[in-house]
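Novice: Protein chains in written order, with my numbering: chain A, 28 to 378; chain B, 28 to 378; chain C, 28 to 378; chain D, 28 to 378.
The hints are simulated quantities; they were obtained by calculation from the structure and are not laboratory data. All values reported here derive from a predicted model rather than from experimental measurement. Do not take every clue at face value.
[Stated by the list, open to error] Capping the alpha-carbon separation at 25 Å, the derived lysine-lysine pairs in DSS-like fashion look like this:
(1) A:Lys-222 to C:Lys-221
(2) A:Lys-221 to A:Lys-243
(3) A:Lys-222 to A:Lys-243
(4) B:Lys-243 to B:Lys-222
(5) B:Lys-221 to D:Lys-243
(6) D:Lys-221 to D:Lys-243
(7) A:Lys-221 to C:Lys-222
(8) B:Lys-221 to D:Lys-221
(9) D:Lys-221 to B:Lys-222
(10) C:Lys-243 to C:Lys-222
(11) C:Lys-222 to A:Lys-222
(12) A:Lys-221 to C:Lys-221
(13) C:Lys-243 to C:Lys-221
(14) D:Lys-243 to D:Lys-222
(15) B:Lys-222 to D:Lys-222
(16) B:Lys-221 to B:Lys-243
Now for the letters of each chain:
4 protein chains.
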Amino acid sequence: MEPPRVKVAVVGASGYTGQELLRLLVVHPGVELVAVTSRSEAGRRLETVFPRLRGAPGASGLAFIEPTVEAIAASGAAAAFLALPHGLAAEFASPLLRHGLRVIDLSADFRLRDAAVYREFYGHEHPAPSLLAESVYGLPEIHGERIASASLVASPGCYPTSILVPLVPLLERGLVDPASISIASLSGASGAGKKADASLLFAEVNESLRAYGAPKHRHLSEIEQELSLAVGDTVRVSFVPHLMPVTAGIVTTIFCNACDPDTVSERVAEAYAETYAGRPFVRIRGEGAFADTKHVVRTNFVDVGWSVDRRTGRLLISSAEDNLGKGAGGQAVQSFNLMFGLPETAGLLQF
Amino acid sequence: MEPPRVKVAVVGASGYTGQELLRLLVVHPGVELVAVTSRSEAGRRLETVFPRLRGAPGASGLAFIEPTVEAIAASGAAAAFLALPHGLAAEFASPLLRHGLRVIDLSADFRLRDAAVYREFYGHEHPAPSLLAESVYGLPEIHGERIASASLVASPGCYPTSILVPLVPLLERGLVDPASISIASLSGASGAGKKADASLLFAEVNESLRAYGAPKHRHLSEIEQELSLAVGDTVRVSFVPHLMPVTAGIVTTIFCNACDPDTVSERVAEAYAETYAGRPFVRIRGEGAFADTKHVVRTNFVDVGWSVDRRTGRLLISSAEDNLGKGAGGQAVQSFNLMFGLPETAGLLQF
Amino acid sequence: MEPPRVKVAVVGASGYTGQELLRLLVVHPGVELVAVTSRSEAGRRLETVFPRLRGAPGASGLAFIEPTVEAIAASGAAAAFLALPHGLAAEFASPLLRHGLRVIDLSADFRLRDAAVYREFYGHEHPAPSLLAESVYGLPEIHGERIASASLVASPGCYPTSILVPLVPLLERGLVDPASISIASLSGASGAGKKADASLLFAEVNESLRAYGAPKHRHLSEIEQELSLAVGDTVRVSFVPHLMPVTAGIVTTIFCNACDPDTVSERVAEAYAETYAGRPFVRIRGEGAFADTKHVVRTNFVDVGWSVDRRTGRLLISSAEDNLGKGAGGQAVQSFNLMFGLPETAGLLQF
Amino acid sequence: MEPPRVKVAVVGASGYTGQELLRLLVVHPGVELVAVTSRSEAGRRLETVFPRLRGAPGASGLAFIEPTVEAIAASGAAAAFLALPHGLAAEFASPLLRHGLRVIDLSADFRLRDAAVYREFYGHEHPAPSLLAESVYGLPEIHGERIASASLVASPGCYPTSILVPLVPLLERGLVDPASISIASLSGASGAGKKADASLLFAEVNESLRAYGAPKHRHLSEIEQELSLAVGDTVRVSFVPHLMPVTAGIVTTIFCNACDPDTVSERVAEAYAETYAGRPFVRIRGEGAFADTKHVVRTNFVDVGWSVDRRTGRLLISSAEDNLGKGAGGQAVQSFNLMFGLPETAGLLQF
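One chain only, chain A, in its complex shape (with noise of 0.2 Å):
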């Protein structure tokens, strides 16, 4: 007999990340998917704002409805997933916690330990500050053992995980100075949000490379919280994000000062391989590998390579992820499963 399914609802769920976590709980195993809300799709059925869901044994018969916090509890609900803009999901989250769900935020709102720099790099106070020291960073390769007993679970953006994974080991080991880090992320459109902006038309991002959002994009803050951790001291970074032409995935390329270019190669697999033994959507590619969008897009892996520049001394980093799989409805999924028992590949062994 089939054990019990987890009863689940989605708040927000008409944009990318919103998307990507239906089509991952719909055919979820343990998951039975019970309200799901929008404003804008109120009264419209699942498969009609979705035709690729249509035929999925879990979006049968669902429609979206109003977000409100009292229909959600009604739904009965044990899990609520929030994929809403920062400052909105706060309000969320506060009542639904004491309704008895746990939740699992998408949304910057719960992510930073400090109300005054997300104040710094939100432009407005934090909503529910309390909140803040209850709330676990929802990267389960760092922190998967908290996220397991959370009630209230801040999955990481998109960028931070393919730079936390890969960067985190090393500087907890000393194997770089973190003073000399310097990121180039790579980000397809779907990463920018489904919002009518001119900027992001097809004929916009098509055919264009670009920069944009240095040298202080929001995502930073996250970034350095948890690199800071890491090495027990503040560390700042370089980051610079770029629009890419492709639909969805994340490709991040570090340069960073090896403290012993003789022996970081070396070093650095020992690292890769003592952290992410046994778990399941890291996959160390070795030295010489880049990873490839291509490899992990609609996927809930990470793929990560290295190679030493040994004229400069420094360490190459490579990772790859799907922005919105591992870098948001995926990620999301995998705290899911450690929160409620379940098999943390549940439902996110798709290839």
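Could you slot chains B, C and D onto chain A? The hints should help.
Specialist: Structure of chains B, C and D alone, referenced to chain A:
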């Protein structure tokens, strides 16, 4: 009355660089195209091989011929563009120079001052080391006067152009630390050439983002040569190229430590103004601007912007060009214009 | 001495069609651009709004102005290109004509002879029916002589150009059955215009192939009008446009029954030779050739090929053009050249 | 307790079709992958050749072997998928059948009833004509019962699937004129296979729209065979395939004359409801809907919509599928499921 046109040959015209040269030369007001060679296409009409060129004044009636020095010399050409693989280009350059032609070589054969560096990066002995002293590195914004009187111009690689134009003026003035430079460059697929290689198929490159070739891409040799000249000392940089799903265009992001972060932005602006005032093909976009390949593809422009990362003290530089235009065929035509006393912009003002 | 340049205004220059017009006009040897209007961009410099145009001789110093008839007339323009939405274009055409300007309208307002057909397809009364008799349908290969002397030219839609150029000569000669015509056209995303519409975002159009707008796309009205003129009787065709993940380009495939399958190929070749000999922008590729948008984008050419399906007796026709070039801005400039006695190819020979 | 898994071999697994089969089979709950062959990759691990598959339960430990009948039989496989070029597939099918394996062939070798038609379209004698009577055309929605008991299934081509699913029910019921059918199909570049051909390079296919292969593409033979079976008489259609700049996906637009334009829409809806009720992979989108490849790529669905062009009396049909999914690997797995008594959707419900 129109001045007489310069008779021109294009040697090795069937690849992407040759194709771009032809695209420009068939409507160049100062050029009469008298010979185009291709081993594989000999005997076929230009318009048959490149349907795009049909209807161009300068293409009418021309057919590809076998690439022999005799035939090229017999065509009456005063100038020859070599769009040949490295190694092979040198075999044509020497005899064509002896026949009195002036040569613009788009291969790597004459870009390096030092035959030992050529051997290190290209894996074989230099085929004509005696010509190295004579050749001029064909970056008109840096070596314009020497190009004007040169018999042999070595047109730069695509990546180096996007890196040297923004960096040389800053290194000449000591505005950034030469030991701190890390470079991420992103290039369209035409940069890999028109070779039947399964890894370059549409279905392999599309929806893919990936680094390659680091830490010792061949272009690094000429990048470091020219940066070292600017500094007056050996410079080593980290360079990671990436293959992108666009047909054309390079965007380069440079991370480097500003010597004085507080004043660097003004001094960068001054350096560019001094160096590039009156240079028609460098467009300085200013602080806070990121260059976009969309604005430069199919032109001979290189766009440059920058920002200052005050938290880390780094200068972040952004440049964009067309890898086949300013990065190859367009720049070669620009050198040609200088060599033959034509306006620098002749045949190059397309938008 | 150079002849004086024609003073030109572009009204509504901030969309894709306006942008393409500007791209051509800033380097047109017979044009002095004296006014460019845009409600949304008024006051901003041309080079700021379109960074691509920076460095163009004709763009230097120009700024967008508010679109008022008085300002346009005061600029001294002898010709005005209208790149406005349908309905609005008519409001400018009448007073500009009264001010003595010659008008090339790129909207649909003056393409149809019959105001009732306009109402049927565009859903509102024609805003200036009295001008319909005066306007000339701006397809130079078909109506070249009338264009030369016209005050008001209605430049054709993008789809119609790709359909009329190959079909009109065949229908005029009775080579195919007018009742048998089915047309599949595929267009790049710029054809939908630069409007902030979520269905046109990169992440929606990329990796997507889809028909739309059938069976009664607005362009059908002018297609059938001109085909009916060619036959001398009412012609009805089936037309299915498709949205494609390219920035620019239209390829059209036409299925029709050959009146005599055995001889149709030769007679098609003759028809095209007779009609298009000496027409610089129609390139007949011959039997067995399929037109490719790659060879025509950013040019003013339309390429045409065909094959005969002897098993079914059908003629299969293939044409390609740039939807913004020969399908919009380029063709409008071609009409302008004819109207002002300039060479038909002036400013249009780019490859 | 789980039921035992069927042991499966994939023969010729290094191309795009083989890759898609592996992608599905490594997570198929009813499959144990016991042999994968590839001449070029023999000896290499599956995860090395296809980095995307690393971490898949069914891929772990597997390496490519040489394609010999003995080795495949020795693997204990009960079923073999053949992803080989036509001509070669027949050489494996006969001996594998004799060894008692059931064979699902994805080549064209066993699709045609008539060896003469095979010779006409494929240019050589049929390599195993005696097997033609035995093989079943593997379109489960049409020949599902016969597939269930077949030893040899000839999985359909990608284009035919997108054409037969919408047309067969209409022809069976006489709703459209079989002599009036014209078909435009648009396919992603993976349909051309993973062969090193310069015309399929990214820089050749990107930003290009073009027809090819008409009027006698090889798939026409099986299209007409199955349409003729539906009508009970010889049917000839016009078919123009197009190469599109997407990795995967086919959209097909069919023009045909409705026998009774006034009632055709209702009768089409009824025909689809009768034929496809309970068929999990055909999604009828209804009148006025156009199918979009974006909703079907990487799934086994085929979406179908239509509209009626009352002005011409034509029915316009739109279908979409993944050329590698429902058009190749997915459909083959669907037949496999039927052959081995597994749920039809086993391993195929991905979204």
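Novice: If you check each hint against the structure, which ones fail?
Specialist: 5
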